[in-house]
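Residue numbers (the numbering used here), protein chains in the order written: chain A, 196 to 552; chain B, 17 to 434; chain C, 25 to 316.
Hints in this document: simulated from the structure, not taken from any laboratory. Mixed in with the good hints, there may be bad ones.
Claimed, not checked - Okay, the calculated bits of chain B under chain A, using three or more residues with CB under 8 angstroms as the criterion:
no. : stretch
1   : 87-101
2   : 261-272
3   : 406-415
As the list claims (entries may be wrong) - Using C-beta positions, here's what the derived DEER-type ranges look like:
no. : chain 1 : residue 1 : chain 2 : residue 2 : range
4   : B       : 294       : A       : 278       : 41 to 51 angstroms
5   : B       : 57        : A       : 254       : 14 to 24 angstroms
6   : A       : 278       : B       : 180       : 26 to 36 angstroms
7   : A       : 231       : C       : 167       : 45 to 55 angstroms
8   : B       : 74        : A       : 231       : 49 to 59 angstroms
9   : B       : 356       : A       : 249       : 53 to 63 angstroms
10  : C       : 141       : B       : 247       : 30 to 40 angstroms
11  : B       : 177       : A       : 301       : 37 to 47 angstroms
Claimed, not checked - Heads up, incomplete: computed chain C residues facing chain A, CB under 10 angstroms, no partners named:
no. : residue
12  : 47
13  : 78
14  : 91
15  : 115
16  : 126
17  : 181
18  : 280
Idealized CB from N, CA, C, for every residue including glycine.
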Amino acid sequence: MASKFTRSNSTGWLMAGPAAALMGLFIVLPFLFAIGLSFTNQRLISPNPTQFVGLSNYSQLLGVGLLTLEPERDDAGEILRDEDGATSYPALRGYTRNNPDFPQLDGMREWFSFSLGESRTYVLARDVVFAKAVVNTIIFVLVVAPIQGGLALVLALLINQKLRGINVFRAIYFMPVVVSIVVVSLLWRFIYDGQSGLLNNLLGALTFGAFPRIDWLGNPSTALGAIIAMSIWQAVGFHMVIWLSGLQTISPSLYEAAAIEGASKWQTFRYVTWPGLRNTAVLVLIVITMQAFALFAQIDVMTSGGPLDSTQTIVFQAVERGYGKQDISGGSTISVILFVFVLAISLLQRWLTREKK
Amino acid sequence: MTSLRLLATSIAITTAMSSAAFAQTTLTMWYHGAGNEVESNIVNQIISDFNASQSDWVVEMQSFPQAAYNDSVVAGALAGNLPDILDVDGPVMPNWAWSGYMQPLQIDEAKIANYLPGTKGVWNDQLYSIGLWDAAISLVTRQSYLDELGLRTPTLAEPWTGEEFMDALAKAKESGDFDYALDLGTAWTGEWYPYAFSPFLQSFGGDIIDRSTYTTAEGVLNGDAAVEFGNWWQGLFNDGYAQATQDPADRDNGFNSGKYAFSWNGNWAALGTLDAYDDVLFLPAPDFGNGSKIGAASWQFGVSAASEHPEGASAFIEFALQDKYLAEFSNGIGLIPATASAAAMTENYKEGGPLAVFFDLSEAQALVRPVTPGYVVAAKVFEKALADIANGADVQDTLDSAVDEIDADIAKNDNYGF
Amino acid sequence: MAQISGDNHGLRLAVRYTVLGLIALIFIFPLVFMLMSSLKPDAQLLSDTRSLRAFLPVGDISLDNYFDAFRRAPVGLFIFNSVIVTGVTVALTLFICSAAAFAFVFIDWRGRDLVLTLILATLIVPFETIAIPLLLIASKLPWLGFDGLTYGWLNSYQVQIVPFIADGLTIFLFVQYFKDLPGELIEAARVEGASWWQVYRRVVMPLAGPVLATAAILKFLVMYNQYLWPLMVVQEERYRPVMVGLQYFFQLNRAWGEIMAYLSLITVPVLAFYLFLQRAFIASIASTGVKG
């Protein structure tokens, strides 16, 4: 409702100006800078002048290729098999290194492959580590968002009781949120240790020694899961509190009505509680997703992307390339790709969760 | 009138004298010893001795934790904020010299004529850095272990062959007395990997970069010798002789508490082991066909390119090159002093001293890491390749992709000037 | 307030408390481990991890690790730096972001919607992705200080403070909160001739208690626990915050007892602060959570 009482250009700019200027200088400008750098071959420091290289950084990161190979056959036309009885295919190296017939595949490595009938199709990527980082990040987001959100809701329901001392429990459940993720990562390294970690000891004690000692962080199949569990542990208290506030805005009269009608606990939840939590659910989901994409500190402290790239993430790759290997242009390229990614996902989320009239 | 002139003259003289006293220039210095009391104390001692010994320069030191030191220098270079004197890890020096962070030293070359070759940082035929000590690695074990397992004691002239070494590991594993036969130190991620493990690669006949041209790694890092090394390396973990992931606490104390039969460790950890046991042996590296090799070159002092007082900085470094300081460092941190004369002054490296064998090892087997600005990236790539192979990745593929990455980096940087 | 009233039959009560208690154990055990380990010598610390002793103050306990930690690194300096950086940032953030949100919500000015959209768009940009270009920028910025005009902000307090004063999330929180304030109050004040600053100071800010607390607490947590940025931009010991100080303890021979002591030293104050204020803490986060 604009009137002379609300319109005031100079004051508006004066009050919002400092914030806008700060963000412009320290967020927008570096971001534009990063976009610019991604089109060059800039190093962190180098005596060589910077050159414009167009999209080569992007093709270096995102290049994929497809190759279908027939199995090797001997003279009679029979399929050769190797020692384990599996079909033997010609070595990929022959096609991807110095092969003049396949110049577009030069330097690519196998990302994954699958068999269709007798022949095998290989999906190649120019930068397999980055490809794995993208996949891991997506897995992390897809797993953490529902689990953390769901667990937080369960905890909120538990806490939402009139018990004496319930606030003590609420305080304890929130505590990990307050602790630095770096401290948390260091402590959990002890817990996950393969030899004498607390988790292995606990599982061994519970199963009377039947459970084998697992090197949680050193095993490619468990490392990402271990990081997921730890991240959820640290952050779930935060979202529990958000759910809690949502729960507490649901009118008690609705619950009374449900009780009068003899609704079971599950029916009460489904028809009274859940609809009232819709807005909260959207908020929780969006926040968790954004935080999950920025996964970095835990990886840096605990696994450095290993073992076998099972805990590589996009942000970790960006920092390692840009800062560790001094390749700022590569790091910036990854940052831009991440931004586009997250933008797409959040737009998708907004569209999916829009109010349907 | 006369008294006034006298007064004026005396004032003039006093001012002249005091300004001469204030003509001391401050030199800033960065050192990587934060959190490490022993090293910091010795460096501070050298600094105060230097400051007291002359009146032109005053050195002030800024201390950094070792883990963050290299990154700090890079960030400082970005800001144009480097000190006058800095110390640099040997293999990293070419990168910093090429990047323009450092300038050649202006010290009297005669003073370093007797220095171990690994302590001299030379790039483009110019001396950029000099170290007060060198580091060496050996295969640590106990005489009692060798006796129990029935193994020959290798000597510098006759080290174990690759087969003998594997046989020793197999026997250690069978005996069941140890958690693992070999402690490789896989817990120490970072520069340890290339420093400690590339000698094995070199002993097989491969290398991180082709040293004849320094422009590619093709053929040396993914050739037959390298693949043989890769398979051997993977075998160590597949066959259960060593751990691919290791608890840092095990690296620090494992051998000293009997968990391992053999430990591949540097002389900086030797003092602790000598305390734990009385029959410690420091064996030479096994020979896998191309001679026994161990790494060389440790932290060295240099002058930054932007320094406005390189003569002062060099004067300080030259001052530090005295045998007594070399000996103090060696006594404190257990590393090899750079000269034989200093070695004679130390507890551990004098004739018959417990660590004197490292001096011989260094002389006979040391091979510096590749001297190229591309080493910074190559080292990281190599470390990752080793870790991946240890975790079961395909050897040829991993080495191929390592070669690709190193080659791409070299090409991106116009061959680093080669 | 809708709460499910607890059933008071003895057994059911016991079951509820047990469930809650077990869950509480899960959330608290690493912190207990950290505190207990900080009191033990290294060898015992490591061997105790094999059993429940890890959580008990048994054996050779003492404060030695704490003394050693103080000797190895200037812990007091690091905590001091962190407190300064965090305190100043929080104070400035509250002022600048609330003023901006006030302008977005109550004042009509040209360009308002565009600027607000841009600011909210930055919520998507994770910090790590702009860290390196920001490093390059920060290394060239001018600063007018006690030494006159200097270039390059590395190794200072300002490099740890200024880039973080304005951020999209804080502005978003304030905007959401202000939107829910009764507009009539502001209209009434303006009709009576109050200037915008007076409306801000006298009418809106006194009502902003909960959101101020929320923003302060969230910002405090972010600034105090910062890891990547200080690692990149602060090398001189004078300005190091606690997280960078952690690196001092990771020398070649790690003293785990000292590390635990250091971790405890930097975590316990935050925990104590939190426990002391936890009611206000949680209430304020919750109150602004729903209006999303």
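Status of the hints after comparison with the structure:
1. A count of 4 residues in the stretch 87-101 of chain B with a Cβ less than 8 angstroms from any Cβ of chain A is obtained; the coverage claim is therefore met, three being the minimum.
2. For a cut-off of 8 angstroms, the count of residues in the stretch 261-272 of chain B with a CB near a CB of chain A stands at 3, and the three-residue condition holds.
3. Interface restraint, the stretch 406-415 of chain B with chain A: holds (5 residues with C-beta to C-beta distance below 8 angstroms; minimum three).
4. Residue 294/B and residue 278/A have their C-beta atoms about 50 angstroms apart, which keeps the hinted 41 to 51 angstroms range intact.
5. At roughly 54 angstroms, the beta-carbon separation of residue 57/B and residue 254/A lies outside the given 14 to 24 angstroms, and the hint is violated.
6. Checking the proposed 26 to 36 angstroms range against residue 278/A and residue 180/B shows it holds: the Cβ atoms sit about 29 angstroms from each other.
7. Between residue 231/A and residue 167/C the C-beta distance comes to about 25 angstroms, which lies outside the given range of 45 to 55 angstroms.
8. For residue 74/B paired with residue 231/A, a C-beta distance near 44 angstroms fails the hint of 49 to 59 angstroms.
9. Restraint check, residue 356/B to residue 249/A: a C-beta distance of roughly 57 angstroms satisfies the suggested window 53 to 63 angstroms.
10. Remark: the range hint 30 to 40 angstroms for residue 141/C to residue 247/B is contradicted by a beta-carbon distance near 58 angstroms.
11. For residue 177/B and residue 301/A, the Cβ-Cβ distance of about 39 angstroms falls inside the hinted range of 37 to 47 angstroms, so the restraint holds.
12. With a cut of 10 angstroms, the hint placing residue 47/C at the interface with chain A holds, because the nearest CB-to-CB distance is about 7 angstroms.
13. Of the supplied interface hints, the one on residue 78/C holds, with its beta-carbon coming within about 6 angstroms of a beta-carbon of chain A, less than 10 angstroms.
14. With a cut of 10 angstroms, the hint placing residue 91/C at the interface with chain A is violated, because the nearest CB-to-CB distance is about 21 angstroms.
15. Evaluation of the residue 115/C hint against chain A yields a violated restraint, the C-beta minimum of about 14 angstroms exceeding 10 angstroms.
16. At about 6 angstroms, the closest approach between the beta carbon of residue 126/C and any beta carbon in chain A falls short of 10 angstroms, and the interface hint on this residue holds.
17. Interface restraint check for residue 181/C: the shortest CB-CB distance to chain A comes to about 15 angstroms, outside 10 angstroms, so the restraint is violated.
18. Because the beta carbon of residue 280/C sits about 9 angstroms from the nearest beta carbon in chain A, less than 10 angstroms, this interface hint is met.
Figure legend: structure checked against the earlier numbered hints; hints not met, in rising order: 5, 7, 8, 10, 14, 15 and 17.
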